[in-house]
Each structure stands twice: as C-alpha cells, then as structure tokens.
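**Student:** Work the whole structure out from these sequences, hints included.
End of the sequence shown sits at 203 in my numbering; the numbers just go up one at a time, nothing left out.
Since the hints were made in silico from the structure, they are not lab data.
What you are looking at is a predicted structure, and each value in this text was computed from that prediction instead of being measured.
All C-beta atoms in this analysis are idealised placements derived from N, C-alpha and C, irrespective of residue type, glycine included.
It is possible that part of the hints are untrue.
Capping the alpha-carbon separation at 30 angstroms, the derived lysine-lysine pairs in BS3-like fashion look like this [to be verified]: (1) Lys163 x Lys102; (2) Lys68 x Lys163; (3) Lys130 x Lys183; (4) Lys102 x Lys159; (5) Lys130 x Lys163; (6) Lys68 x Lys183; (7) Lys68 x Lys159; (8) Lys68 x Lys102; (9) Lys102 x Lys130; (10) Lys68 x Lys187; (11) Lys130 x Lys68; (12) Lys102 x Lys183; (13) Lys187 x Lys159; (14) Lys163 x Lys187; (15) Lys183 x Lys159; (16) Lys183 x Lys163; (17) Lys159 x Lys130; (18) Lys187 x Lys130.
Label-pair restraints from in silico Cβ distances [unchecked claim]: (19) Thr179 x Asp155: 12 to 22 angstroms; (20) Asn148 x Leu86: 17 to 27 angstroms; (21) Tyr90 x Phe197: 12 to 22 angstroms; (22) Gly195 x Glu147: 10 to 20 angstroms; (23) Thr199 x Gln128: 15 to 25 angstroms; (24) Pro176 x Pro125: 38 to 48 angstroms; (25) Leu122 x Thr79: 19 to 29 angstroms; (26) Ala94 x Ala59: 15 to 25 angstroms; (27) Thr149 x Asn175: 31 to 41 angstroms; (28) Glu127 x Asp85: 11 to 21 angstroms; (29) Leu173 x Lys102: 18 to 28 angstroms; (30) Tyr124 x Asn175: 32 to 42 angstroms; (31) Thr149 x Pro176: 36 to 46 angstroms.
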Amino acid sequence: MAVLCVAIISKQNVPLYLRTVTPANETDLHFQYLVHASIDVVEEKISALTSSKSSNDPREHYLGLLYPSEQYKIYGYATNTRVKLIIVTENTTSQSRDIQIKALFKSLHVAYTDMLSNPFYTPGTKINSKVFDRVVSGLFQTSKTP
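**Tutor:** Set out below in structure tokens:
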C-alpha cells in the first residue's frame, strides 16, 4: 500500500494543503477531483457520528474508508475543529490495513497540530510549512515499505 495523495481541507471545505506522488498515467488534477469528491462523504460521516452520540466517545476521528475505486482507496479523518484529513492510497488486493492507516493519520494530525501552533501561521490559510512538508514526505516514504 503506497500513499499517493495527502490533503488537508478546512472547516469551510477549502483545500489548505494538497500533495501528490503522481503515477505515470495520472495527473494532479485527477487527485484533486478525488479529494473534492470525497468531501461530501466525509461530511455525511461526520454528521452521522455527531447525531448517533456514542456513549464512550462522541467523536471518532478516524472515519475509515470513504470509498474505493478500481485504482485507489480514499480514507478520511476529521479533527475536533472539523478540519478534514484525506489520504489516497493505491488499491491493492491485500486486506485493508486500518491500523497502518490510523497510524498515518495520527502522525499527520500531530504534524498539523504542531504546524498550527506556529505563531507565524494564520489558521485557515494555505499551508506552506517546510517542516510539515517533510513530515508528509515521510508518510509517502514509510507507506512504501511492506
């Protein structure tokens, strides 16, 4: 399973960050389309989670598999502030690796929180942090190992 795209979407559904590792037969525009198409599914899952009010944890951050296509699997994660994290992976025939995907989202969430703590960053604007970019590059690299 290799991560091909990482996106951070604001509460107002505006892309704050989008980075791809484009396969030879695809374009960045195709991944932008996949991310935008998945926002509706994320919103539906968030509203379903907040309306069903679980007894232990009223808010589960990991939203799971949003939808699979022939070539890709798209996973979602929502923060407490309703910022959406989306990861697109290649669709392999192996079993779903939810534990590995959750770990990727946790490290991405920690990196996002650290970047948000920077006093020079204005929340809701495009993310241009080199440190955050290095963390995302690390996600691309670690996901390639079996």
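**Student:** All the hints need checking, so say for each whether the structure fits it.
**Tutor:** Tested hints:
For the proposed pair Lys163 and Lys102, the alpha carbon gap of about 19 angstroms is at most 30 angstroms, so the pair holds. Distance check on the hinted pair: Lys68 and Lys163 sit about 19 angstroms apart at the alpha-carbon level, within 30 angstroms; holds. A threshold of 30 angstroms between alpha carbons decides the hint, and for Lys130 with Lys183 the separation of about 25 angstroms falls inside it, so the pair holds. The suggested pairing of Lys102 with Lys159 holds, with an alpha-carbon distance near 16 angstroms, which does not exceed 30 angstroms.
Distance hint between Lys130 and Lys163 is fulfilled; the C-alpha atoms sit about 18 angstroms from each other, no more than 30 angstroms. Using a Cα cut-off of 30 angstroms, the hinted pair Lys68 and Lys183 holds, with the two alpha carbons roughly 13 angstroms apart. In summary, the hint linking Lys68 to Lys159 is supported, as the alpha carbons are separated by about 21 angstroms, within the 30 angstroms threshold. Between Lys68 and Lys102 the alpha-carbon distance is near 14 angstroms, which keeps this suggested pair within the 30 angstroms criterion.
Restraint check for Lys102 and Lys130: the C-alpha separation of about 16 angstroms stays at or below 30 angstroms, so the hint holds. A C-alpha spacing of about 23 angstroms is found between Lys68 and Lys187, which places the hinted pair at or below 30 angstroms, so the restraint holds. For the hint pairing Lys130 with Lys68, the CA-to-CA distance comes to about 23 angstroms; that is within 30 angstroms, so the pair holds. The straight-line distance between the Cα atoms of Lys102 and Lys183 is roughly 25 angstroms, inside the 30 angstroms bound, and the hint therefore holds.
Restraint check for Lys187 and Lys159: satisfied, since their Cα atoms lie roughly 23 angstroms apart, inside the 30 angstroms limit. Using a Cα cut-off of 30 angstroms, the hinted pair Lys163 and Lys187 holds, with the two alpha carbons roughly 19 angstroms apart. A C-alpha spacing of about 24 angstroms is found between Lys183 and Lys159, which places the hinted pair at or below 30 angstroms, so the restraint holds. For the proposed pair Lys183 and Lys163, the alpha carbon gap of about 21 angstroms is at most 30 angstroms, so the pair holds.
Taking the CA atoms of Lys159 and Lys130, the gap is near 14 angstroms; set against the 30 angstroms cutoff, the hint holds. Distance restraint check for Lys187 and Lys130: the Cα-Cα separation of roughly 27 angstroms lies within the 30 angstroms cut-off, and the hinted pair is therefore satisfied. At roughly 34 angstroms, the beta-carbon separation of Thr179 and Asp155 lies outside the given 12 to 22 angstroms, and the hint is violated. At about 19 angstroms, the beta-carbon gap between Asn148 and Leu86 stays in the expected band of 17 to 27 angstroms.
Evaluation of the 12 to 22 angstroms hint for Tyr90 and Phe197 yields a pass: the beta carbon distance comes to about 20 angstroms. With their beta carbons about 18 angstroms apart, Gly195 and Glu147 fall inside the hinted range of 10 to 20 angstroms. Between Thr199 and Gln128 the CB atoms are about 21 angstroms apart, so this pair conforms to the stated range of 15 to 25 angstroms. A C-beta distance of roughly 40 angstroms is found between Pro176 and Pro125, which places it inside the suggested range of 38 to 48 angstroms.
A C-beta distance of roughly 22 angstroms is found between Leu122 and Thr79, which places it inside the suggested range of 19 to 29 angstroms. Checked against the given bound of 15 to 25 angstroms, the beta carbons of Ala94 and Ala59, roughly 20 angstroms apart, stay inside it. At about 36 angstroms, the CB distance of Thr149 to Asn175 agrees with the hint of 31 to 41 angstroms. In this structure the hint that Glu127 and Asp85 lie 11 to 21 angstroms apart at CB holds, the actual value being about 19 angstroms.
Remark: the range hint 18 to 28 angstroms for Leu173 to Lys102 is upheld by a beta-carbon distance near 23 angstroms. The hinted window of 32 to 42 angstroms between Tyr124 and Asn175 holds, with their beta carbons roughly 33 angstroms apart. Look at Thr149 against Pro176: about 41 angstroms separates their beta carbons, and that is inside 36 to 46 angstroms.
The structure shown violates just one earlier hint, number 19.
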